[in-house]
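S.K.: Residues per chain, in single letters:
Protein chains: 2
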Amino acid sequence: MEALKRKIAEDGIVLSDQVLKVDSFLNHQIDPVLMQQIGREFARRFEKDEITKIVTIESSGIAPAVMAGLELGVPVIFARKRKSLTLTDDLLTASVYSFTKKTESQIAISGNHLSKDDRVLIIDDFLANGQAAEGLLSIVKQAGAAVCGIGIVIEKSFQPGRDELVKKGCRVESLARIQSLEDGKVTFVQEVRS
Amino acid sequence: MEALKRKIAEDGIVLSDQVLKVDSFLNHQIDPVLMQQIGREFARRFEKDEITKIVTIESSGIAPAVMAGLELGVPVIFARKRKSLTLTDDLLTASVYSFTKKTESQIAISGNHLSKDDRVLIIDDFLANGQAAEGLLSIVKQAGAAVCGIGIVIEKSFQPGRDELVKKGCRVESLARIQSLEDGKVTFVQEVRS
Numbered sequence: 693m694e695a696l697k698r699k700i701a702e703d704g705i706v707l708s709d710q711v712l713k714v715d716s717f718l719n720h721q722i723d724p725v726l727m728q729q730i731g732r733e734f735a736r737r738f739e740k741d742e743i744t745k746i747v748t749i750e751s752s753g754i755a756p757a758v759m760a761g762l763e764l765g766v767p768v769i770f771a772r773k774r775k776s777l778t779l780t781d782d783l784l785t786a787s788v789y790s791f792t793k794k795t796e797s798q799i800a801i802s803g804n805h806l807s808k809d810d811r812v813l814i815i816d817d818f819l820a821n822g823q824a825a826e827g828l829l830s831i832v833k834q835a836g837a838a839v840c841g842i843g844i845v846i847e848k849s850f851q852p853g854r855d856e857l858v859k860k861g862c863r864v865e866s867l868a869r870i871q872s873l874e875d876g877k878v879t880f881v882q883e884v885r886s
Numbered sequence: 693m694e695a696l697k698r699k700i701a702e703d704g705i706v707l708s709d710q711v712l713k714v715d716s717f718l719n720h721q722i723d724p725v726l727m728q729q730i731g732r733e734f735a736r737r738f739e740k741d742e743i744t745k746i747v748t749i750e751s752s753g754i755a756p757a758v759m760a761g762l763e764l765g766v767p768v769i770f771a772r773k774r775k776s777l778t779l780t781d782d783l784l785t786a787s788v789y790s791f792t793k794k795t796e797s798q799i800a801i802s803g804n805h806l807s808k809d810d811r812v813l814i815i816d817d818f819l820a821n822g823q824a825a826e827g828l829l830s831i832v833k834q835a836g837a838a839v840c841g842i843g844i845v846i847e848k849s850f851q852p853g854r855d856e857l858v859k860k861g862c863r864v865e866s867l868a869r870i871q872s873l874e875d876g877k878v879t880f881v882q883e884v885r886s
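Keeping their order, the protein sequence lines are chains A and B.
So for the first sequence, this note's numbering puts the first residue at 693; every next one is plus one.
So for the second sequence, this note's numbering puts the first residue at 693; every next one is plus one.
Hints in this document: simulated from the structure, not taken from any laboratory.
Hints may be right or wrong, so weigh each one.
Note: identical chains are not told apart, hence a pair may lie in one copy or across any two.
As the list claims (entries may be wrong) - Quick list of in silico lysine-lysine cross-link-like pairs, DSSO-like style, CA-CA up to 27 Å:
(1) K808 - K773
(2) K713 - K833
(3) K794 - K773
(4) K773 - K713
(5) K877 - K859
(6) K859 - K808
(7) K793 - K713
(8) K877 - K808
(9) K877 - K833
(10) K740 - K859
(11) K773 - K793
(12) K793 - K740
Just so we're clear, the structure is a prediction, and the values are computed from it rather than from any experiment.
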């Protein structure tokens, strides 16, 4: 997605060979117009998949997921990383290991909002080692729902997340794929435009 | 806002005299079409205020804030409740006490994204005791920016948050104002329609 790649090239900050900071439009400050474009692009890529629900994870997945939900005309559920006063019924949970924080945490979704008839699109802001996406995948499967695909805003293609998900049979659609952050520079994977 | 009040009446669950659960369209599952309507209503109420930034707090504030940002054509910043790998520069912080969880926590925004020239609309999902809104207010003032108003999706008018904010000179615009949750029933404040 060219508009996104341009934004990353202009406003992304390479903190190290592993870490790209996009706090000015995705992870802290959010650009709503770009989110709308991202939502439309996810909707375009999954328009034939008869999606009934989008599942994401707080907090940075919410904006792109809600815009995609608006375009596809389906509700969005965000998995919680923290305990919630009102999130108590029939919880589906998964453990997610964070390589950057070196901690394991629980994520949870209420089983009330997912059924075996649902066709789910999982959306997240980043794909690196794939731990968050695999946690969401596990939760959706616990509900007996079908996972139609995984939509990622920014994929760090030099990390193993994508391959792990593809190995599990998932379709992964990433709007920007980063080949390398070496030398303080963002290099994108060269792709034939679809 | 009639569509919101209808949704609360139909899908909200009164857990106690104090707690309304709206996990099916706002706090866990999100209804993107309703969020768009909410965003438009906030934009309508603040269209003459020359807003330059919206400030909210993760996670449930993000969806309504991003939709309002889209309508007003301004960026959204969400305050973080947790530490972030990339949120480290020039932090503006405030303490927020949670009456329900009986814990005090820190919220933070990077000062990079707020300046003294900004005219800020604060948006949040719920207003009860006003602690989150007051924390955001403190952060925006630390940046030297002007607070043009506070937009709330659901106000529990029987709790003191609104009065505290009004006492501080804030304009508070709540899209649904709940007078009482007694007897397991949602009763709205009767308002002359604007």
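S.K.: All the hints need checking, so say for each whether the structure fits it.
M.R.: Status of the hints after comparison with the structure:
Taking the shortest Cα distances, K808 and K773 sit within 27 Å of each other inside one copy (23 Å), while across copies they are farther apart (34 Å). Taking identical chains as interchangeable, the C-alpha atoms of K713 and K833 lie at most 27 Å apart only when they sit on different chains, with a minimum of 26 Å there against 32 Å within one chain. In the homo-oligomer, the alpha carbons of K794 and K773 lie at most 27 Å apart both inside one protomer (15 Å) and across protomers (19 Å), since each shortest distance falls under that limit. Taking identical chains as interchangeable, the C-alpha atoms of K773 and K713 lie at most 27 Å apart whether they share a chain (21 Å) or sit on different chains (18 Å).
Taking CA atoms no more than 27 Å apart as the test, K877 paired with K859 passes in neither setting, with 29 Å inside one copy and 50 Å between copies. In this assembly of identical chains, the alpha carbons of K859 and K808 lie at most 27 Å apart only when taken from the same copy (23 Å versus 50 Å across copies). Proximity of K793 to K713 under the C-alpha cut-off of 27 Å is restricted to the intra-copy arrangement: shortest distance 16 Å within a copy versus 32 Å between copies. Proximity of K877 to K808 under the C-alpha cut-off of 27 Å is found in neither arrangement, the shortest distances being 44 Å within a copy and 32 Å between copies.
Taking the shortest alpha-carbon separations for K877 and K833, neither the intra-copy value of 38 Å nor the inter-copy value of 36 Å comes in at or below 27 Å. For a Cα distance limit of 27 Å, the shortest separation of K740 from K859 inside one copy, 23 Å, qualifies, whereas the shortest one across copies, 53 Å, does not. In this assembly of identical chains, K773 and K793 lie within 27 Å of each other by CA distance both inside one copy and across copies; the values are 14 Å within and 16 Å between. In the homo-oligomer, the alpha carbons of K793 and K740 never lie at most 27 Å apart, since the shortest distance is 38 Å inside one protomer and 44 Å across protomers.
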